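Asker: Sequence:
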Amino acid sequence: MFDRRLLEDFDWVLLLITVVISVIGFVAIYSASYSYGTETPYFGRQVLWFFVGLGVMAVVTMIDYRFMQRFAPLVHLFMIILLILVLIYGTGGAGSRVQRWLQIGPIFFQPSEFVKFSLILYLAHYFSESRRIGDLGVKEVLWPLIITLVPFFLIIQQPDLGTAGILLFIFLPVIFLVGIRTKLILLSTALAVGSMPFVWVFLLKQYQRDRIITLINPEMDPLGTGYQIIQSKIAVGSGQIWGKGYLQGTQAQLNFLPARHTDFIFSVFTEEWGFVGGIFLVMLYVFLILWCLRYVGKTKDRSGSILTVGVAAILTSQVVINIGMVIGLLPIVGMPLPFMSYGGSAMLSHMIGIGLVLNVRMRRYDI
1 MFDRRLLEDF DWVLLLITVV ISVIGFVAIY SASYSYGTET PYFGRQVLWF
51 FVGLGVMAVV TMIDYRFMQR FAPLVHLFMI ILLILVLIYG TGGAGSRVQR
101 WLQIGPIFFQ PSEFVKFSLI LYLAHYFSES RRIGDLGVKE VLWPLIITLV
151 PFFLIIQQPD LGTAGILLFI FLPVIFLVGI RTKLILLSTA LAVGSMPFVW
201 VFLLKQYQRD RIITLINPEM DPLGTGYQII QSKIAVGSGQ IWGKGYLQGT
251 QAQLNFLPAR HTDFIFSVFT EEWGFVGGIF LVMLYVFLIL WCLRYVGKTK
301 DRSGSILTVG VAAILTSQVV INIGMVIGLL PIVGMPLPFM SYGGSAMLSH
351 MIGIGLVLNV RMRRYDI
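Our numbering puts the first residue of the sequence shown at 1, with every later residue one more than the last.
By construction, these hints were calculated from the structure, which means they are not laboratory data. The reader is advised that the hints may include incorrect statements.
Result set (DSSO-like, lysine-lysine): computed pairs, CA atoms no more than 30 Å apart in a straight line [what the hints assert, rightly or not]: (1) Lys233 to Lys205; (2) Lys183 to Lys139; (3) Lys244 to Lys233.
Have a look at the derived ranges for each label pair, beta carbon to beta carbon [to be verified]: (4) Phe202 to Asp9: 43 to 51 Å; (5) Ser128 to Trp200: 32 to 40 Å; (6) Met283 to Ser195: 33 to 41 Å; (7) Phe202 to Pro258: 22 to 30 Å; (8) Leu191 to Ile212: 18 to 26 Å; (9) Leu293 to Pro73: 22 to 30 Å; (10) Leu87 to Phe176: 25 to 33 Å; (11) Ile88 to Gly324: 26 to 34 Å.
Just so we're clear, the structure is a prediction, and the values are computed from it rather than from any experiment. A virtual CB, placed ideally from N, CA and C, is assigned to each residue, including glycine.
Can you make the complete structure from the sequences, with help from the hints?
Answerer: Now the structure itself:
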């Protein structure tokens, strides 16, 4: 039963900054889809998913995270099964050529968005205080690594290199938090570097290799693989200091910029609001992430810290990867900008993440 005394420790600031970024996202999505015509449902659907997400967040917040951890293995197993079903019955959804969604009636559901959070729940469960912490060796790290790599390789097959990489970005800070031997760090680094040729030849699809090559020289194929990044950089740069004004961005309104309401929403925003608007949005994300990490180490148990670090790792990696790719510093991957990009699965999953942080924050002084 929900204890009303927990409301005294409810983090209203975290909720407020989440709402502010989401509202900015509504404004950007409306502009990005404006040229599609008035019948385009993206704006209304995003608002709907936002309120559904608030409801899901409220439920996640009310259920004690320590209780949820008991079911973490089953939840993570269920998500892995869904990833397998994506490979068998999945669809591209909304005209996409990739295979990342399961369709349930008119709704497209992307399991890879939710497996990120089932993973941090499982890691928090595995590294609970009853288990060995500090100076971890291969034996202690092997099983969590396997649990991470299974969905990693399943997502790679969709293919979705960006989301798969997020799982590694979750695993690494959690392992550092619980403590790992220096020798194992050095060995893992050497193996990662040595495996790059294998990854390039056997794991990456040809179009993914093309995107990496295009990053170095997008003008090599300006109407093909380099088109998206060139148009995105034009949009970002043409905003200059103050931007062109709301609904005045030429790259979006004249249909030059692909995927502008999803992965390239930051390009649309900065073209209209300029460098000042872009920096303001980045600072909001920095504040959100740092605020999530504010009480790491001050919770009752280590599992709460792991959950918080895991959610912060998801937000950090997605913001860095998304903004990095739209300004031409990273290869283009399918990576939504949290609370900004259009998408029901992304909105719900990120709301679950904020709900987990609020959950831990409210119960950090429990005895």
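Asker: Could you tell me whether the CB distance from Met283 to Ser195 stays inside 33 to 41 Å?
Answerer: 36 Å, holds
Asker: For the pair supplied as a hint, Lys233 and Lys205, is the alpha-carbon distance within the 30 Å limit?
Answerer: Answer holds: Lys233 to Lys205 is near 25 Å, not above 30 Å.
Asker: Between the beta carbons of Phe202 and Asp9, is the distance compatible with 43 to 51 Å?
Answerer: Cβ of Phe202 to Cβ of Asp9: about 49 Å, so the range 43 to 51 Å holds.
Asker: Does the beta carbon distance between Ser128 and Trp200 stay inside 32 to 40 Å, or does it fall outside?
Answerer: Holds: the Cβ-Cβ distance is about 38 Å, inside 32 to 40 Å.
Asker: Taking the beta carbons of Ile88 and Gly324, is their distance inside 26 to 34 Å?
Answerer: The hint (26 to 34 Å, Cβ to Cβ) holds, given that Ile88 and Gly324 are roughly 33 Å apart.
Asker: Is it true that Leu293 and Pro73 lie within 22 to 30 Å of each other by Cβ?
Answerer: This hint holds: roughly 26 Å between Cβ atoms.
Asker: Confirm or reject the claim that Leu191 and Ile212 have a C-beta distance inside 18 to 26 Å.
Answerer: 21 Å, holds
Asker: State, for the Cβ atoms of Leu87 and Phe176, whether the hinted interval 25 to 33 Å holds or is violated.
Answerer: 32 Å, holds
Asker: Taking only the CA atoms, is the gap from Lys183 to Lys139 under or equal to 30 Å?
Answerer: Within the cut-off at roughly 14 Å; holds.
Asker: Quick check: does the Cβ-Cβ distance between Phe202 and Pro258 fall within 22 to 30 Å?
Answerer: 29 Å, holds
Asker: Straight-line Cα separation of Lys244 and Lys233 no greater than 30 Å?
Answerer: 15 Å, holds
Checked against the numbered hints listed earlier, the structure breaks none of them; every hint is satisfied.
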